[in-house]
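Asks: Residue numbers (the working numbering), protein chains in the order written: chain A, 1 to 341; chain B, 1001 to 1341; chain C, 2001 to 2341; chain D, 3001 to 3341.
If you're looking for bench data, these hints aren't it; they were derived computationally from the structure.
Just so it is clear, CB atoms sit at the ideal spot from N, CA and C, and this is done for glycine as well.
Check the hints yourself; a few may be wrong.
Listed below are several chain D residues computed to face chain A (Cβ distance under 8 Å; list not exhaustive) [stated by the list, open to error]: (1) I3002; (2) T3037; (3) G3040; (4) N3061; (5) K3063; (6) Q3175; (7) R3244; (8) T3245; (9) F3246; (10) T3250.
4 protein chains.
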Amino acid sequence: MIILLKQNANPQQEQNLEKWLASQGIAIHRSVGENNTILGLVGDTTTIDIDLLLALDCVENVKRIQEPYKKANRKFHPDDTVIEIPTKNGDPVVIGGGTFNIIAGPCSVESEEQICEVAKAVKQSGATLLRGGAFKPRTSPYAFQGMKGEGIRLLSLAKEMTGLPVVTEVMDPSQLELFEDMDIIQIGARNMQNFELLKEVGRQDKPVLLKRGLANTLQELLMSAEYIMAGGNEKVILCERGIRTFETATRNTLDLSAIPLLHKITHLPVVVDPSHACGISSLVHPMSLAAAACGADGLEIEVHNNPAKALCDGPQALTPEAFDKLVKQLNAILPNRYTGE
Amino acid sequence: MIILLKQNANPQQEQNLEKWLASQGIAIHRSVGENNTILGLVGDTTTIDIDLLLALDCVENVKRIQEPYKKANRKFHPDDTVIEIPTKNGDPVVIGGGTFNIIAGPCSVESEEQICEVAKAVKQSGATLLRGGAFKPRTSPYAFQGMKGEGIRLLSLAKEMTGLPVVTEVMDPSQLELFEDMDIIQIGARNMQNFELLKEVGRQDKPVLLKRGLANTLQELLMSAEYIMAGGNEKVILCERGIRTFETATRNTLDLSAIPLLHKITHLPVVVDPSHACGISSLVHPMSLAAAACGADGLEIEVHNNPAKALCDGPQALTPEAFDKLVKQLNAILPNRYTGE
Amino acid sequence: MIILLKQNANPQQEQNLEKWLASQGIAIHRSVGENNTILGLVGDTTTIDIDLLLALDCVENVKRIQEPYKKANRKFHPDDTVIEIPTKNGDPVVIGGGTFNIIAGPCSVESEEQICEVAKAVKQSGATLLRGGAFKPRTSPYAFQGMKGEGIRLLSLAKEMTGLPVVTEVMDPSQLELFEDMDIIQIGARNMQNFELLKEVGRQDKPVLLKRGLANTLQELLMSAEYIMAGGNEKVILCERGIRTFETATRNTLDLSAIPLLHKITHLPVVVDPSHACGISSLVHPMSLAAAACGADGLEIEVHNNPAKALCDGPQALTPEAFDKLVKQLNAILPNRYTGE
Amino acid sequence: MIILLKQNANPQQEQNLEKWLASQGIAIHRSVGENNTILGLVGDTTTIDIDLLLALDCVENVKRIQEPYKKANRKFHPDDTVIEIPTKNGDPVVIGGGTFNIIAGPCSVESEEQICEVAKAVKQSGATLLRGGAFKPRTSPYAFQGMKGEGIRLLSLAKEMTGLPVVTEVMDPSQLELFEDMDIIQIGARNMQNFELLKEVGRQDKPVLLKRGLANTLQELLMSAEYIMAGGNEKVILCERGIRTFETATRNTLDLSAIPLLHKITHLPVVVDPSHACGISSLVHPMSLAAAACGADGLEIEVHNNPAKALCDGPQALTPEAFDKLVKQLNAILPNRYTGE
């Protein structure tokens, strides 16, 4: 971290600052230029609040030069994190380290018939994990909020029937007691900085799929991963699902450059959710191919089964047939995808 | 709500759509043009998911024409919401309906001495409510997370001493049991769409100060207010505190046009937090004047007491002296501020 | 276009509005609901200014239901635009309609040796067009502004030597007289809404490569293409090159979902510039693969030749060796890329 | 400027970098830490391209510590720029240095009657300059593009009649020959980085009102001012007119914190255009008061005269009566506005 002092900084304030930094275990390299004095901070600056320094009367500018995350940082952990999820027939699902996994299923669990049919269909096409929402974050209090506990029970049934491990979202620590049979806990985009929830899943012994918030930088995503890892749970899977921009033609803007960039700076696996990002079902297929091509470790895709009953073809979801076609084209592209410099 | 059907829409899908709409209690005005058919939906469309419709094969476009919020909507509640907060000496603090309140205090409660000194100082200058954080949302797991229960106790002490009602932030439903003596529950920007927390404060009998999320539209802010109000708690105060944009010269971009716009579309009071929005203490004074001029119902301002001890002057916070100077200039501007068309 | 009138609209204003619409050749479908009256406009609404209507006292809301562009609209021109660029050895370069072209070369033309060496190298690797800047838009007036006329002359030399057609940027109508031997005129992102320049290139008989502005929607991009096409020049190639968002880890955010979406709504070819979007050379390779996978009609890539002389490896540019490696992997992925629903 | 080298930087590349920096007249302070080497650059770094450095193999990070603009920088020119515009009756209009000016008039010049009536009305209410568009930048090629030369002639007439100096927009250097009688040349938001146009107005002997681009940072605004000033024309007036964000409730988001921030970092006057920023006429009044309260040097406001004829009340424009009411309230607020720390 570099601190640029003001030209006419009050010497007393400057001394206070240097004392306080020393009390935090930070050594200081002082470099006096023609117009300005620069303090180079040496030591662990991850706990230093940059906004606090910026607000000091004697400080002109502060620049962080090293990342504020440690456990998620590839510099300190050069090898890919590899997460194994046991399945009942013995062969675990392996996420990270060069594998490619497809998490598929409906947005919401709606009935036993629905979740079981979709689960069977996506398994047959090549999905390796089942997704389905039991607790649903909805912008409107008047919208369907999910089947809750009953939805979790139906996901267990579908898992029992197909052998697919299950990914499902938690919205509040109090719901976690129902998650015993669930395999991956999903943190939704709106909860990416729900720090109390992050701390709680950090105490669980289950992989966490952490979605990037709509307006969060990659550094903030890694800081939220760091919350979970600091609690002892290092099995974190990151998920790019689109960011909020001025463009209204798509629901959000899928930031695929995040994939190779995250792979450079962190060892955690990165998957992509093209369904929520775009909000347009016809974009799911091409954006899935693009995500695979630039090196994603997997995809999370919405698949819905019953177009006639479910009001045509459902929001942003593929039919099982469209999903099957997508997996075939993905399999053709995967051997030539990007795998690092 | 208006649905534009595709030129060659499948008649079966169209029938499914119309049946489903009818099942939701929605009447349909069908208008057949040269190229397109338009369905005008009549009835309560607040529960209709616009994304669901947009994803249908037979639908070209959907436009919402009425607001999806009801309880927060000024159309249905033309009179300003006025919130009274009792104080121990009898005269309640009144928020909304033409009053102007200043909520002031430190970002975090740090000690009894600190919170009590600041409370006394801001009261003397003209603050009508005390703020102070006991539970602190921090981007980094390694940063100070607040004094928690002990911080709440110190806020009670400062309230007892000064008579100022207290505003403090909750981060998780489990913390609410400590809030008995607190007067206004603050929901921070990162929790604006923590729907489980919104439902919980909707069951409380205390005013809620709801901060706009960094990447949330005004409509989403009102939908989150609607969550709280739908639970039975109609005492909601909205707070503009800056949105995330491409500009990096300020921490966030304070959206002051939100003030007169919110006053048009909702009856809830609106306050402004210039300290967090800008992240630069020298901008707090001018932006407070601007907020007052365009009609804000109040301000939430960070004030810190002990510059020497507390590492110079603290982040984005005013000293008690600077705060006093600001209140004097505010009082000069208030008689001529905007009060509606 | 749909106009929702206010509940208590002034009948005189409403009549004025209807008369004015009729004078513009617009027929009106009037639909009276319980609370509101809706006017459905039938006819060519491309010239109607939506902001003008929104500002009327009697109008509550206006929604455009059809696109304001015609010549660029796939609805009216279902077949792909295919642009042929003659080359001196007879076989034209064909852009659009299922082909894939790579435009490669240095950011700025710096010397005869540089541009000719890069041109030879990229041709050998498989580039089909040469890029190079003679007029450079630079944020700072103190930065190098390009070789101007001399740069154009050197591009002609490199074209003569390699047979590669040349793409180069124009910044002002007065420069066009120098462009006789250039093959494609590039309009940079900052000039996407320089309407006088668009009108001028609309009068040229040369293909135009139109880059999306940093803060422009896809609809605005198509409106700018419409400016060029309305002038008589229908040979427009669109280019996605990243948009400005809150994320600072990359220079801009590459919006790849724009590719399949543009292919749905317009018949114009779409290429991607991953070099400028990301600003980080290590991201060029993976993002090029992703762009190809989701159906781009080509790429524009910066290649620099002389790392030792040119201050290591140049900004965001690949070396000829890295470019060669990229083209090989692109060729492996192209047979399985997305080609439409 | 600070350069952080990579841990295992290639010594040859590092030498190349240091040689090149020396050739640019930059001295280097080398500071070797435990893990990294930091180069502190001393000298005029305004011409150094930060992106170029960031792209070097041997560079981990680069941070600019001083501003890249000089002529616009308050550090080097502490006194306010004050611009005098002569009027025919002798008393010049003075912009900057503590004055407050209101530029008012219609969006487009439409007829002699219109511009003269509006000019008389706004003068009587207290406007000190007249605005009116003769060349209009329009998103659609099918929309009205302005009266052009005839519009300029009518502005001259209105100036002759009222004595008000005139502000009008230029879109292309070729139009400037018509501007002899115009008093301030306006550069619109979309042309803020039309560098050829900036260079051209930099050669004029007339004040320039430079509007901030929809997606441009304050630093980029000052770099564009620097383009004009570097050409010899130091009479630049900056104008905040809203930035593009995710919020769609207003056309753009008016960034009022730009006012006090610009006043800190530059000596140039800053005015605010609330009409274009919001796109909603009812917000013009409150946002004008807010702009004045936080220290703006003036306002640019759209006023339209003939509501009945001009399709009710026109887009985002005030009637002369509403404008008169606004000026009265502004005059009440001005004595207590922010005037600096």
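Asks: Does the nearest C-beta of chain A fall within a distance shorter than 8 Å of the C-beta of T3250 (chain D)?
Replies: Not OK, violated: T3250 (chain D) not within 8 Å of chain A, min 13 Å.
Asks: Against chain A, is T3245 (chain D) within 8 Å by beta-carbon distance?
Replies: holds, 6 Å
Asks: F3246 (chain D) was flagged as interface toward chain A. Is the shortest Cβ-Cβ separation under 8 Å?
Replies: holds, 5 Å
Asks: Against chain A, is Q3175 (chain D) within 8 Å by beta-carbon distance?
Replies: violated, 30 Å
Asks: R3244 (chain D) was flagged as interface toward chain A. Is the shortest Cβ-Cβ separation under 8 Å?
Replies: holds, 5 Å
Asks: Hint T3037 (chain D) vs chain A: min CB-CB distance below 8 Å?
Replies: violated, 11 Å
Asks: Can the hint on G3040 (chain D) be confirmed by a CB-to-CB distance to chain A that is less than 8 Å?
Replies: holds, 6 Å
Asks: Let me know if the C-beta of K3063 (chain D) comes in closer than 8 Å to any C-beta of chain A, holds or violated.
Replies: holds, 4 Å
Asks: Restraint: I3002 (chain D) near chain A, CB-CB cut 8 Å. Satisfied or not?
Replies: For I3002 (chain D), the interface hint holds, since the closest Cβ of chain A sits about 5 Å away, which is under 8 Å.
Asks: At a threshold of 8 Å, is the proposed contact between N3061 (chain D) and chain A supported by beta-carbon distances?
Replies: holds, 6 Å
Comparing the model with each numbered hint stated earlier shows that hints 2, 6 and 10 do not hold.
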